[in-house]
Amino acid sequence: MGRFKLVAGLFGMLFGFMISWGHFTDPDEIRQMLLIEDLYLWKMFATAVAVGFVGTRLLRGSRALVTGERIDWVTSLPARHHVSGAVVFGLGWAVAASCPAPIAAQLAQGVWWSVVPFAGVGAGVLLYQRRSAQAPGAVVDAGPDTPAPRFASAVAPAVPEPARP
Amino acid sequence: MIDALTDRAPWWVVGIALGLVVVGVMATLNQRVGAVGGYSDVVDRLSGRSASLGWRAWFLLGIIAGSGLFMILGGQTGAQAGYGWLTRTFEGGWQVLVVPILFGAGIMIGYGAKTAGGCTSGNGLCGSALASPSSLVATATFMGTAVLATVLLSAVI
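Chain order of the listed sequences is V and A. Residue 44 in this note's numbering sits at position 44 of the first sequence, and the numbers go up by one each step. So the number in this note's numbering is just where the residue sits in the second sequence, counting from 1, plus 1000.
Just so you know, the hints here were simulated from the structure itself, not pulled from any lab data. No residue lacks a Cβ here, since even glycine has one placed at the ideal position from N, Cα and C. Take these hints with a grain of salt, some might be off.
Label pairs and their in silico Cβ distance ranges [as the list claims (entries may be wrong)]: (1) 1133(A) <-> 58(V): 34 to 40 Å; (2) 61(V) <-> 1046(A): 35 to 41 Å; (3) 3(V) <-> 1048(A): 40 to 46 Å; (4) 1093(A) <-> 46(V): 28 to 34 Å; (5) 1004(A) <-> 80(V): 41 to 47 Å; (6) 1075(A) <-> 70(V): 43 to 49 Å; (7) 1004(A) <-> 61(V): 33 to 39 Å; (8) 65(V) <-> 1094(A): 21 to 27 Å; (9) 1004(A) <-> 115(V): 54 to 60 Å; (10) 112(V) <-> 1003(A): 38 to 44 Å.
Covered, in the sense of this in silico footprint (three residues per stretch, anywhere, with C-beta under 8 Å from a C-beta of chain V), are these stretches of chain A [unchecked claim]: (11) 1010-1020; (12) 1098-1108.
To list a few chain A residues with every Cβ distance to chain V over 10 Å, as calculated [unchecked claim]: (13) 1003; (14) 1035; (15) 1044; (16) 1048; (17) 1068; (18) 1084; (19) 1093; (20) 1094; (21) 1125.
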């Protein structure tokens, strides 16, 4: 395992630890948040986005510590699949009262039911991959799960942001 | 056992930490975090589409390990029965219905998140922090859908 994967794993550990401490692994707590009975999720989410927004902008243009690459990204304009996919995802989230990261974290907490949605998420990803393979170019994964620099040319329409000097 | 872990962390502590994960992954790897990408890497490896686990799979495995570490440090052990409203609604012999419901919900989560270009972490935390218009629209859509569907479900069931 290279340094790249080791660092990814360590950040994943911090992520898993913190979502567990924030009780995002409890479907009941998630449901309360989605019912707006508990504002914890929303306040936490806004804080995380704000920290990420400021931090990534401070980093832009500098070199990544492990890869040495120049830190930069491209963004894409919304397309129909962003909305249609998000609706399907949101419905699944409402039924399970959980989403991909908490489902994975539940596995380590002995929530045995989580094996079922974990397998379901894997099956959903496989279904997406099979459908994408059958219709190449029809569905473009243009979101954050696509490494931006490498796939920037495959993302349409992409809006490259001007790099800082 | 660390006593501080027995109570839920303040929202701002979790928020700052998760924001720093987004920043940290960018600072070290020049990559965007996203949990559903880890599932993709695992599926790729299991289906033979890739020869080794990608970094996103290691991020996902880290989430599992971090959750386990929290359990150990928090002094919590043992399995947890039930899965929220579903296992409370479907009791006794009816509980077998929870399996296809949860599996179906999982498929919707995986398929929908991939189609939308990311999940709560990928689009919601990272994409929104990068001010990606597609992520902002996707995040507003899946959060709005999840809230609306949860309210409707709680009203009906």
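Here's how the hints hold up against the structure:
Under the hint 34 to 40 Å, the C-beta atoms of residue 1133(A) and residue 58(V), about 21 Å apart, miss the expected range. The hint said 35 to 41 Å for the Cβ distance between residue 61(V) and residue 1046(A), and at roughly 38 Å that hint holds. The given range of 40 to 46 Å is broken by residue 3(V) and residue 1048(A), whose C-beta atoms sit roughly 26 Å from each other. Taken as a hint, the range 28 to 34 Å is violated for the pair residue 1093(A) and residue 46(V), whose Cβ atoms sit roughly 43 Å apart.
Checked against the given bound of 41 to 47 Å, the beta carbons of residue 1004(A) and residue 80(V), roughly 46 Å apart, stay inside it. The given range of 43 to 49 Å is respected by residue 1075(A) and residue 70(V), whose C-beta atoms sit roughly 45 Å from each other. Hint check: residue 1004(A) to residue 61(V), Cβ distance near 38 Å, so the stated range 33 to 39 Å holds. Range check, residue 65(V) to residue 1094(A): about 53 Å between beta-carbon atoms, so the 21 to 27 Å window is missed.
Taking the beta carbon of each, residue 1004(A) and residue 115(V) are about 30 Å apart, not inside 54 to 60 Å as hinted. Checked against the hint of 38 to 44 Å, the pair residue 112(V) and residue 1003(A) fails, with Cβ atoms roughly 27 Å apart. Remark: the segment 1010-1020 of chain A is confirmed as covered by chain V, as 10 of its residues place a Cβ nearer than 8 Å to a Cβ of that chain, reaching the required three. Closer than 8 Å: that is the beta-carbon criterion, and the segment 1098-1108 of chain A has 10 residues meeting it against chain V, so the requirement of 3 holds.
Every Cβ of chain V is farther than 10 Å from the Cβ of residue 1003(A); the closest lies at roughly 13 Å, confirming the non-interface assignment. Distance to chain V contradicts residue 1035(A) as a non-interface residue, since its nearest Cβ pair spans about 4 Å, not more than 10 Å. A cut-off of 10 Å between C-beta atoms contradicts the statement that residue 1044(A) is not in contact with chain V; the least separation is 8 Å. For residue 1048(A), the requirement that its beta carbon stay farther than 10 Å from each beta carbon of chain V is met, with the minimum near 12 Å.
With a minimum CB-CB distance of about 4 Å to chain V, residue 1068(A) fails to clear the 10 Å threshold, and the non-interface call is violated. With a cut of 10 Å on Cβ distances, residue 1084(A) falls inside the contact zone with chain V, its closest approach being about 3 Å. At roughly 17 Å from the closest C-beta of chain V, the C-beta of residue 1093(A) stays outside 10 Å, upholding its exclusion from the interface. Remark: the non-interface label on residue 1094(A) is consistent with the geometry, its nearest Cβ contact in chain V lying 15 Å away (cut-off 10 Å).
Under the 10 Å C-beta cut-off, the non-interface status given to residue 1125(A) relative to chain V is violated; the minimum distance is some 5 Å.
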